[in-house]
Amino acid sequence: MSCLKYADAIIDHAYGAPLSSAGAEHLAACEPCRRTFERHARHAHDIDETVLGAIAIEPSIDFRRGVRERIERTDAGRSRTRWWVALPVAAAIVMAVILGGLWEHSGSSPRAVVVMSQPLTATDVAKPSGTIAAVRPENAPAVSRTAGTTRRHDRMSRSHRAASPEAEVLVPGDQRRAIARLVELIQDGTLDPAKLPPPDVAAGKPADLVVPALTIEPIPIATVETNRRPDGGPGRR
Amino acid sequence: MHESAGLGFGTLVTLDAPLEREFEQRVRDSSALAVRVAYGVLRQRLDAEDVAQEAFAKAYPRFARLRGRDEFRAWLVRTTWRLAIDRWRADRRRSARELKTSNPTAVPSAEDVAVGNERAERLWQAIDALPEKLRLVIVLFAIEGHDVAEVARLLDVPEGTVKSRLFLARKGLARSLQCLA
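In order, the protein sequences belong to chains A and B.
So the first sequence is numbered by our numbering: it starts at 106 and just counts up by one.
So the second sequence is numbered by our numbering: it starts at 29 and just counts up by one.
Worth flagging that the hints you see were computed from the coordinates, not collected in a lab.
Glycine residues also receive a C-beta, built at the ideal position from the N, C-alpha and C atoms.
Careful: at least some of the hints might be erroneous.
[Stated by the list, open to error] If you only want the chain A side, here are some residues facing chain B, beta carbon under 10 Å, derived:
hint, residue
1, P123
2, A161
3, D167
4, K300
For reference, chain A alone in the conformation it holds in the complex (with noise of 0.2 Å):
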């Protein structure tokens, strides 16, 4: 009855497994359990030898000279990803500035910079449909900012400011045949220019301008998002 109760586990005890103290008390006390545990603890121990000697090979004396010169190659080949890495990367940055000089340059924007070298013509101008935006007489000081001029436009109004000392007006680009057509009437005497009111040198604009409505870039939703508690309250600091 004892035998057959702990049979199995005296067989597990043979390959390893822990054997209870009762187990151990009938192990040691019961002949035929020890012979059986005996062969099959001989059958692990089989196992065991068979498995060390089938994997018992030693390295070649060559051994040590591979390992070095893996190394060496491993290193060169790093050396060589390094470069090629590198050369993408700076070919990348130098991509990305020129695009970026000709996008600052390539007129995008919906305003425009107008630099007035040369007194415009209205050789193409058609009959002005829209509103004077804003003009600049000849001895009033230039417009340092207009309303909805960003900070890239006035970084470029500078640099050209500094590059001409002519005379300069921020207009918006849908009304520079307005402007064009504004020169022409006071060109040809139609306009007098002493008879439009000054400019509010105070304010670093004319009086009468027109200000284009101030344009809001809209926010990214994500960052929107990112900021608001699931709860819908205030969102995080």
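Knowing the structure of chain A, use the given hints to seat chain B on it.
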């Protein structure tokens, strides 16, 4: 500065001179361990040496962090085993592809014939049938002279875990060998 009297490691990758000497010593001490671990998976001497060398080459730039003997050996065993498994899987896929396209009655190489014997073949079949964790334990147990504590250190697991896996591996092998007999 980086010239060493022995292997001369570090002609391109640089380690300090004392580290060079330590690394050289580790290669000398642990090369059999790495080769046997790889051989336990690949069962091809050349492949096993190749994988073991690759593991040492990977260890070299990390050696400053693996200076301790136990840390180094544990890292080496894990890396070698992983590399060997990867190689074995790649070989198996390649063999499967080649079997589809090559002559199915191809004669085994002379090396295969020399190495292979019936008992070893049955044993390897049984070892291959074991789950990976049990395979590693039974192989390391044999390599390390049946030292459970050393296997536990190499695998960074408790000794009880090693004993348990060892028991399951032996039982699995015994069962498989009886079936194959």
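Hints, verified against the model:
no.	hint	result
1	P123	holds, 8 Å
2	A161	holds, 7 Å
3	D167	holds, 8 Å
4	K300	violated, 82 Å
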